[in-house]
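Trainee: Here is how the chains run, residue by residue.
2 protein chains.
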Amino acid sequence: MKVGLIGVGLMNGSLALDLKSAHPSVLVYGVSRTEATLSNAMELGLIDHRATIAELKDMDLVSIAIPVEATAFLLPKILDAVGPNTLVIDMGSTKTAICESVAQHPKREQFLACHPIAGTEFSGPQAAIRNLYKDKVNMLCETHKTRPELLERARSIFTNLGMHLREIEPIAHDRHIAYVSHLSHITSFMLGKTVMEKEEDEQNIFDMAGSGFSSTVRLAKSSPEMWMPIFKQNKQNVIETLDEYISNMEYFKSLLANDDYTTLVEEMKKINTITHILKPEIKINGK
Amino acid sequence: MKVGLIGVGLMNGSLALDLKSAHPSVLVYGVSRTEATLSNAMELGLIDHRATIAELKDMDLVSIAIPVEATAFLLPKILDAVGPNTLVIDMGSTKTAICESVAQHPKREQFLACHPIAGTEFSGPQAAIRNLYKDKVNMLCETHKTRPELLERARSIFTNLGMHLREIEPIAHDRHIAYVSHLSHITSFMLGKTVMEKEEDEQNIFDMAGSGFSSTVRLAKSSPEMWMPIFKQNKQNVIETLDEYISNMEYFKSLLANDDYTTLVEEMKKINTITHILKPEIKINGK
Chain A
3 MKVGLIGVGL MNGSLALDLK SAHPSVLVYG VSRTEATLSN AMELGLIDHR ATIAELKDMD
63 LVSIAIPVEA TAFLLPKILD AVGPNTLVID MGSTKTAICE SVAQHPKREQ FLACHPIAGT
123 EFSGPQAAIR NLYKDKVNML CETHKTRPEL LERARSIFTN LGMHLREIEP IAHDRHIAYV
183 SHLSHITSFM LGKTVMEKEE DEQNIFDMAG SGFSSTVRLA KSSPEMWMPI FKQNKQNVIE
243 TLDEYISNME YFKSLLANDD YTTLVEEMKK INTITHILKP EIKINGK
Chain B
3 MKVGLIGVGL MNGSLALDLK SAHPSVLVYG VSRTEATLSN AMELGLIDHR ATIAELKDMD
63 LVSIAIPVEA TAFLLPKILD AVGPNTLVID MGSTKTAICE SVAQHPKREQ FLACHPIAGT
123 EFSGPQAAIR NLYKDKVNML CETHKTRPEL LERARSIFTN LGMHLREIEP IAHDRHIAYV
183 SHLSHITSFM LGKTVMEKEE DEQNIFDMAG SGFSSTVRLA KSSPEMWMPI FKQNKQNVIE
243 TLDEYISNME YFKSLLANDD YTTLVEEMKK INTITHILKP EIKINGK
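From first to last, the protein sequence lines stand for chains A and B. First residue of the first sequence: 3, per my numbering; consecutive thereafter. First residue of the second sequence: 3, per my numbering; consecutive thereafter.
Just chain A, same shape as in the assembly (with noise of 0.2 Å):
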């Protein structure tokens, strides 16, 4: 199997190195604006060879996992670029600007449109890990407009990687994604910010932020290089979520200056059931 991966990032070297695990015998060819970071990814063992978009004819699957208006952009001239049995995926944390690209594309059946809920705060080559994917569900959109038989082997190596698969339409995607995801990256960044701000001894910050300070903040650890394009692209249901999370934000601010505790502790206690829905051990059942 040949594998081409446009960005060599955490998600596509964390792929690479579950592939190479898997199947001994596959290359990959690595694609990225920066010649440091690819050698660092052949350094790193992820990569076996430095490749052009043009060089990715013959492979058999193109993963693209770079900022999500980069690949907005290149996702067409990457459709272009391959063959007629190349099957191209992106890893985007948006869905509906990157369809939309391609959506006229003639080549629009060599594409599916992922979303693999898998990642850490750290981004580069030297941020990929093994069995990332293992496990984490993969959202895939509008999969009826994908070549059945290149459907099928993007689902064959999903779930050889231990996958759980999910189909979402994009819009759907994106209007979903914004709450579970792309706003509690925001809260996490303002949080840092308010703190820092204050605190401006860091020591205080140091001997004080205990493991549930350190638990909240680390999504302010993020690339805002990955991130700015995704609440770019996904602005107008991050807006909504921002609304309503500044709303909840107030409504607890006026139970407290009003002094209604009663009020306040069924709120949290309604909230505590969330420890239900986010059991780490549920496995959700792919198909």
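These are computed hints drawn from the structure, not numbers from a lab. Keep in mind that a hint or two might mislead.
If several chains are the same, the list does not tell them apart, and a pair holds so long as it fits within one copy or across any two.
Simulated crosslink set (DSBU-like; lysine-lysine; CA at most 30 Å straight-line) [as the list claims (entries may be wrong)]:
{"hint": "1", "residue 1": "200", "residue 2": "22"}
{"hint": "2", "residue 1": "223", "residue 2": "138"}
{"hint": "3", "residue 1": "234", "residue 2": "22"}
{"hint": "4", "residue 1": "147", "residue 2": "22"}
Following the hints, put chain B in place on chain A, whose structure we already have.
Mentor: Here is chain B on its own, set in the frame of chain A:
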């Protein structure tokens, strides 16, 4: 050594586990409002005997780890009850009201106000774990008001648990901790509320929530009975943090609404530097 525990949940239960490991001869007496909790603590081996406050006369250490309002209410009565060589400490997440509750108490010098920066989102005797306090910071307040040999006893106990000791005045403690602890509990609860209100179909949360969301919403599992009194006692500081945080959320929203992506990226890059502040390998030198 004889130790009395007022409250036998996560904090005091974990303390008991470590004290019993270090000193096999230690005898632990548990006090709780709830008989079932005491039985649970007995079965788990956290305590050796049930007790009442009146029976704590000859303890070497009495540790209070109950909701902070109850601490401020019971602390004077506990000091009334103990003998002249008992050290009384509390573990509460607020310090001003608790210190004020015994400011004029004739046995004030037998009390040391503490706040170990340690814990999990779980509560009750079954949440107790070994080494909860190892390598954690313990904030000590008004140490000059504690009788020197009792202060030395406290330092020795904490140091043997592996804790790093810092001193801080109660008012400063409550102001800083509002930012690095209380605020992140509220952002987490309100994130949970926002997502639960929107995602009536829990399957969507199951499927699309990644480790980032789980991490950011983890504190929304915290005990309302423990946290409401903290927000209440630290109301003015907490409201100040909420004002600043909400204003930062509004600012982020305005950058997005106005398509000011250059500033958005600059802001996110500045906040990224929190990585250095939160380095997990940082050790605090105790004094």
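Trainee: How would you classify residue 234 and residue 22 at a CA-CA limit of 30 Å: within, between, both, or neither?
Mentor: neither (34 Å within a copy, 56 Å between copies)
Trainee: At most 30 Å between alpha carbons: which applies to residue 223 and residue 138, within, between, both or neither?
Mentor: Answer is both: 22 Å inside a copy and 23 Å across each meet the 30 Å cutoff.
Trainee: Between residue 147 and residue 22, at a C-alpha cutoff of 30 Å, which is it: within one copy, between copies, both, or neither?
Mentor: So residue 147 and residue 22 pass the 30 Å test inside one copy only (29 Å; across, 65 Å).
Trainee: Which holds for residue 200 with residue 22 at a C-alpha limit of 30 Å: within a copy, between copies, both or neither?
Mentor: Classified as neither: same-chain Cα gap 47 Å, cross-chain 40 Å, threshold 30 Å.
Consistency with the previously given hints fails for numbers 1, 3, ordered from lowest to highest.
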